[in-house]
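**Student:** Chains as they are written, first to last, in the working numbering: chain A, 38 to 327; chain B, 1095 to 1341.
In case anyone wonders, no lab produced these hints; they're calculated from the structure.
Even for Gly, the Cβ is constructed at its ideal location relative to N, Cα and C.
Please note: incorrect hints may appear among the correct ones.
Okay, the calculated bits of chain A under chain B, using three or more residues with CB under 8 Å as the criterion [as the list claims (entries may be wrong)]:
1) 88 to 96
2) 309 to 321
Straight-line C-alpha distance at most 35 Å; calculated DSBU-like pairs for lysine-lysine [unchecked claim]:
3) Lys-103(A) x Lys-1333(B)
4) Lys-1126(B) x Lys-326(A)
5) Lys-1333(B) x Lys-1318(B)
6) Lys-219(A) x Lys-326(A)
7) Lys-264(A) x Lys-219(A)
8) Lys-326(A) x Lys-264(A)
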Amino acid sequence: MHPAPSVILFTALSGLGFGLLFWIGMGVLVPTGWVAFVFFTIAYLLAVGGLLASTFHLGHPERALKAFTQWRTSWLSREAWASVAALLVMALYGAGLVFLGNRWAVLGYLGGALSLFTVFTTSMIYAQMRTVPRWHSPTTPALFLSFSLSGGALLAGEVSIAIWLLALAGAAQFAHWVIGDKALAGSGTTLSTATGLGDRGAVRSFEPPHTGTNYLLREFVHVVGRKHSTTLRAIALVSGFILPVGLLLAGFSHLLAAVAVLLHLAGVFASRWLFFAEAEHVVGLYYGKR
Amino acid sequence: MTNLPTSTDRKLGLVIDLDTCVGCHACVISCKGWNTENYGAPLADTDAFGADPSGTYLNRVHSYEIQPNDGPAQLVHFPKSCLHCEDAPCVTVCPTGASYKRSEDGIVLVNEQDCIGCGLCAWACPYGAREMDPTAGVMKKCTLCVDRIYNENLPEEDREPACVRTCPAGARHFGDFADPESNVSKLTAERGGMDLMPEQGTRPVNKYLPPRARDVEMQPPALKPVAEDARGFVGWLDKALSKVGGA
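Okay, chain B solo, but in the shape it has when bound (with noise of 0.2 Å):
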């Protein structure tokens, strides 16, 4: 049924750390690699080797350049996927009921045999989070790593999404929302965690920590100057130029 449940039992989501992350795309990586040897349809590449490559993807890394009024320009790397939202407009929009979010755990997810592949899911919504696969003509998201996250076959350091598990610099985090006490509910209080887009009313249950304030001071001292005042012939040009110009 695409009616949202009114609440879910747990808020399983992900905190994602611009302060940290470093943007080498491994969870980019990892999540492909998961989850085209798992859960449903292949994420397809077309033209792998050819001039005009492209592919499916649940998890893209943009990166943006911050420019303060005063101070140096910053760099910050922002990994995007499903935010797994509480009011998901993708979920309201599906007019075949593939397309639900949990009622026991909140995440998001397309039912592949009930897909027609109208597209409609991912023009509701807002983040890019959906992509329709070329090849099995179906929409592709994120699964919160579904079929890692509850497999007794894993062992239990795996059982999180493919994604957190491989980030080398721990900038993802997973966990559930609806326990105050528990490890994201905590890191978002203490880092101030952000939604994306609060205006379109999509009340995402993914947090993002904003990158913490720069240390002006860290900034390398400026060189001395190696020459105030110009001697011989250019020294002469300088005060002659001078007279003329008057600067």
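Next comes chain A alone, as it looks inside the complex (with noise of 0.2 Å):
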């Protein structure tokens, strides 16, 4: 699949968003006045600017509105109810905190589970895909969602939830790796089926309908990448999750856990990088590619 940068920014700033808007909802941390308005400045960034960025792919983003219909099959559309009930709830519950110094609980479990939810919904778009056997795994839920706890978990300060949130989120990437690399051969999908001429024969691709590259080949067909996935994928662990708990070991200062923060992230973006460059999507089979 094409690693549109528009989409790695969205689902991974957007993770760390609601993730530690999830952790502040839940009451672990119970900011009140000018450090309350920080913490939800931070993560109403993250969360709306990663939204905001997932539009700029569309090719009609003055549509966009009209995504909200279709919330009882698509879950691109539950995303959006999602995310904008998050948000709203949270805003409330933040204003509570912020201006009244008053913690609405009720409010606070709600949006938070809203928040948790709006990235489960993110990670569904992608698990749901049977065309990309890579993706259509319960591993991608589990990292979308560990990511976006210990992410938001690291921003919030919260190191003890973080040590182990961070070491949980790193097993699921390596779990997601594994299992997805074996995932193409075990679809039962391959060019015999998609041509139905394999019991013939071995079918080999002799020549593709076009001399030139087509939307298919640009959109689904990303290799340039993927011969540097073992290099990329040492640095997302280690910069993403081993560094990070062992600065977080170290003792806790300001400038460690900034340092962690901006390391967690750069692992981030290699991980889903990855997600996108490495995901075979079966329409390569037809052009004799994967």
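Both chains are sitting in their own frames, so use the hints and assemble them into the complex.
**Tutor:** Shown next as structure tokens:
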């Protein structure tokens, strides 16, 4: 799959933002006044900034409101509802904390749950794709949810929670790679089933439909970056999870925490880039590629 | 609504005969022509006369080589367009309701006024039947020439999809799969019409007729050898080398 920068930015940043909102909503940290204002500003910049970035890859962003209509079947539509609901409820909860110093717990629990549900809807947009066997797995929601929870805890400064969750997210990432590497072969879809000609002999793509490239190849058959995948996997694991855990274990200071956040973010970007670049869409089989 | 209809009154679709297709790409051209001049946004080309031409097509013809365990390899031309699936995954993922499957005839269409160009339906299609138009920013796909098949302004013989109408080999057939007596239902039954990627669970309406088995006897006989034994200098060399090398 083509790793579109707008989608990588969106899923990585909004995941972090909604993760932070989850921990604030659950009352794990209860900031008030100016401190609350700073926390909510960071969370909203990440979450809303990510959502805005996601509209950049639309052909017609001016019609984006229509995406609220099909929540019965479409995970993208559910994501639109969940994100707006989470942001509205958490804005009310935040107003109580910032201006009145009051914690309206029920609103917080609701907003926190909606924030996490938003991340889940994002992950299901990918996990539902049977056409991309690497994504069509429970490891995809596990990956998105654990990244969001651990990154959110890191931003919230909840050191003891963050250490455990970062380790968990690293494990989820590892599982996603190990299971994902066997997914295309395990899906049963091959050039034989794609053409229906497999029982006659070995099928080989002899000639593509056109001499030039096309939308399908640009969007679904991304092979350029895959040769660096081992290096990028190492960077994602070390920078995203192992180093931040080490820094947090070394003892808390704001400077170390800031470095841990930046390292984590770099790791998440590398991981998310691989999430798309390594994903094989079955349509590539028709072109003798994967 | 992006809920799929539980059943459709008719199941309009195509039968594509892989035995007869000669790979001329006439269906590709007529499809591009009709769908650029009629329903919806035209099918754009970018850099059409430059170094890196690319274009939107609703129908593309691949060619595959089959190498059996015994016998010569066979070339199969393979036209591919929307299969108008009964369980169309492209429809249910659409967030705006722009993608829909018609309950009256089963045609899968895009309402271009509602399409936000998110591309998710193309991701969900295993066949590569949907392409985002680079100029209009909306998703394009085969309409089964919905603006021809019901068009009473056209002569009756033209009321079928442009690809079927133009095919010089008679490799494409259009009809109603819900009617067991239709031409397409009979062809599918007689020739063992098959689904593409059945394991994807899309239940495609369009069927592909596999190529008929080739007659092995039709292979031209090998020519008779013109020289069985070598004479003269070459003959001496052959014997001498055989003694040395033992072959």
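**Student:** Please go over all the hints and tell whether each is borne out by the structure.
**Tutor:** Do the hints match the structure? See the list:
Coverage of a stretch by a chain is defined here by at least three residues with a beta carbon nearer than 8 Å to that chain's beta carbons; for the stretch 88 to 96 of chain A and chain B the count is 3, and the condition holds. Under the rule that three or more residues need a Cβ within less than 8 Å of chain B, the assignment of the stretch 309 to 321 of chain A holds, with 3 such residues. With a C-alpha separation of about 87 Å, the suggested pairing of Lys-103(A) with Lys-1333(B) is violated against the 35 Å cut-off. Among the hinted pairs, Lys-1126(B) with Lys-326(A) is consistent with the structure: their alpha-carbon atoms are about 25 Å apart, no more than 35 Å.
Restraint check for Lys-1333(B) and Lys-1318(B): the C-alpha separation of about 24 Å stays at or below 35 Å, so the hint holds. A hinted pair counts as satisfied when its Cα atoms are at most 35 Å apart, and Lys-219(A) with Lys-326(A) qualifies at roughly 16 Å. At most 35 Å may separate the alpha-carbon atoms for a hinted pair to count; Lys-264(A) and Lys-219(A) meet this at roughly 17 Å. For the suggested pair Lys-326(A) and Lys-264(A), the alpha carbons sit about 15 Å apart, so the restraint of at most 35 Å is met.
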